[in-house]
Structures are given as structure tokens and as C-alpha cells.
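Student: Go ahead and model the full structure; you've got the sequences and the hints to work with.
These are the residues of each chain, in order.
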Amino acid sequence: MPVCQDTGTAVVFLELGQEVHIVGGDLTDAVNQGVKRGYDAGYLRKSMVTRPFSARENTRDNTPAVIHTEIVPGANLRIRVLPKGGGAENCSRLTVLPPSRGHEGIVEYVVNLVDECGCNACPPLIIGVGIGGTSEQTMLLAKKSLLRKIGAHNTDPEIKGLEKKILDEVNSLGTGPMGYGGSVTALAVHIEVFPAHIASLPVAVNMQCWCSRHREALL
Amino acid sequence: MLLTGSMLTARDASHKLIVEALVNKADLPFDFDGQTIYYTGPTPVRPGHIVGSAGPTTSGRMDKYTPLLLEQGVKCMIGKGRRSAEVKQAMLKHHAVYLAAVGGAGVLLSHTIRRIAPVAYPELGTEAVFRLEVEDFPAVVINDIYGGDLYDTGKAHYRTK
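If you read the protein sequences in the order shown, they are chains A and B.
Following the numbering used here, the numbering of the first sequence begins with 5 at its first residue and continues without gaps.
Following the numbering used here, the numbering of the second sequence begins with 7 at its first residue and continues without gaps.
If you are wondering where the hints come from, they were derived from the structure by calculation, not from laboratory data.
No incorrect hints appear here.
Chain A is nowhere near these chain B residues, computed Cβ spacing over 12 Å in every case:
1) G11
2) A91
3) H100
Covered, in the sense of this in silico footprint (three residues per stretch, anywhere, with C-beta under 8 Å from a C-beta of chain A), are these stretches of chain B:
4) 42-55
5) 83-90
6) 104-113
7) 156-165
Label pairs and their calculated CB-CB ranges:
8) A:A221 - B:S90: 38 to 44 Å
9) B:Y152 - A:N116: 25 to 31 Å
10) A:A59 - B:R52: 26 to 32 Å
11) B:R52 - A:L31: 29 to 35 Å
12) A:K168 - B:V51: 41 to 47 Å
13) A:G155 - B:H163: 23 to 29 Å
14) B:E129 - A:E120: 33 to 39 Å
These numbers come from a predicted model, not from an experiment.
C-beta atoms are modelled at their ideal positions from N, C-alpha and C, and glycine is treated no differently.
Tutor: Here you go:
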């Protein structure tokens, strides 16, 4: 039985080797069929609705998956699935800071967000942060960072320092597990970075709940 | 607290329908007076089980609808996450309380459910209204009838920022 009843949106990351040739059907269809089969066989909850702005009618099979595909060197297909629950996903935010705000602006933005709504994301959290790119890329960086082993730091020493600083400040907020009060509001902060425009410092936050479910397969 | 007794499940979609019915003075297939509402949408039931995983969903999304339901006599709500100032005022006015269950503890909570019966809106699937009979369902008081809020006091106790 799923530890949490919110078995989420099926977020699927595909790394498609450029030597791979998919035959026998549409890759997107195949992923969605897999989601449908898995959510049926696993007695997982069907949590996707069409027309989210009005009728909100359940699709009854948890499709469509949200699929991010990257073409990479090689002859493999790497599939990573991250069922993302609504509570944590609803705390997603994006901002574009003036570049002059630097470290301080980033720390302040993330910490204030956790202070404001971290309670709803089922702490203790894993906080995904994206910095750089254009806005859609920034958000994707934050989401992708959640695929790391919890607590694994960015290999760049300066970014690692920023991860530690944000984690310390978040854990001084007092929110604690489930927001009942405590010194562990987050287990980790994972920051992914991409170069940015000379005028911009985009920062995205994607929170992950303590259930933090993801798995990968290599074909 | 460990709760034993009866509660109704309801979340986003059913709250919208319930409030529409109340506003249009249409009949509802259940009475709110004295009821407990548990904000949950369980996973499908495996053969041999009574209910699927059934942890709480974030209560704040139901805030808009809650004052009206409190006027109908709802006395207790169970979910997770903060309620709005308006909901807290309405709770004080109607002597209602808000409890939290642990998010993600869906299996543990499902083990306390002895019976589940459909009550309304079956077309909503997981979002339908069900009646649950529970035994020793663990919950923590967040908002009591004296204006207390554990999300405020707990956090303040540990805050060093």
C-alpha cells in the first residue's frame, strides 16, 4: 500500500541516447501506457484532472505523465520516475531577482518561502532550488535536483556553501516535522545551476515532501 | 489524541458541490450537525482490505468553503497545514476544532479505519464523500476552542531565526 495516498503526478525524466531508435509506436504513448498500467496494478490513486481551470474531470488513469526528455550520447534509455504529490508541488515558486541581490537575495527568497508555506508541503522537506537559465529552465532545474540522493551536495564548493547556508537558516525557522514545531524543517537543500542572462538572476523552488519517492531504470 | 467514532471524508471537488447545493437550497444526502470532516482522497482498495492508503490532504484549499460548513454544524475538521484567519474566526464562533493527522502516514491511518461506506458523489471517485468508522485514529489538536494554534506556538518554541 502506498505510504502516502497522494501518489502524485507521474513526472518522468527520459535520457534518450542518440543512437537509440524507438520502434513499434510512439514513445510518449508508451510512457503513458506504463503509467496507466502501474497506477492500476499498484492500486495507486488517480489524481490527474482535465480542464483544471473549470470542470476538473478526473482522467481516471493518472495520465498524462509530465515527461521531460533529453537527448544524450550513447545507446541507452534512462528512465527516472518521480511521482510528485500536490501538497509539496503547490509550494513551487519562481522569481527573477535583480543580479545585485546575489547570495543574500537567494537565501532570503527560499527561506521566506519555507516560512510562509513549508508547513503545507509535509516537512521535513527536501528543498530543490534552480538558479539560472530562462524561467522554464529554472523551474526544471529545481525539480531535477530532487532526483539526487537526499543530502548529496552540489560538487561546486560555492554552491555547496549556499546549500548549507539555506539549510541552516531553514532549520532555524522552527517549523519542524509536519509544522508542529522543531529544529528539523528540511533534510536537505539541492541547488542546480545554469548560466543566466546578463540582466537576470532567476531562482526557482520546488519542494519535496518527506516521502520523496523516485526510482530509475536503464534500458 | 486517539479518535474513535464516525467521520465524513470530503475534499476539493465535493466541497464545491456541497456549497453549491447549500447555496441553491438543494437536498444533501447527509446532515452536518455535530459531524467531523476528514480531508482525504484515499487510494483504491486492494482485495482483502477495507480501505486504501488514507492520509490527510492540505486543508487550506477548503478554507473558502469552511465557514459555511461550520454554520451547518460541523464541529471538527481533520487535515494538515494552516487554516486561514477567516476559518479560525469561524471556528471560534461555532466552537469547532481543527486537528492534524500526519501527512504521508496514509498506511498507518488506514489501519485505524474499521468501515468505509459511500455517502455522496460517487462520480468523484477518490474525491467522493465517504463515511468512515475509525478506532484510535491519531490526530494532534492544532486549533482549539480557546484560539490556540499549534502551528504558531510550536514554531515559536523552536524558532531561533
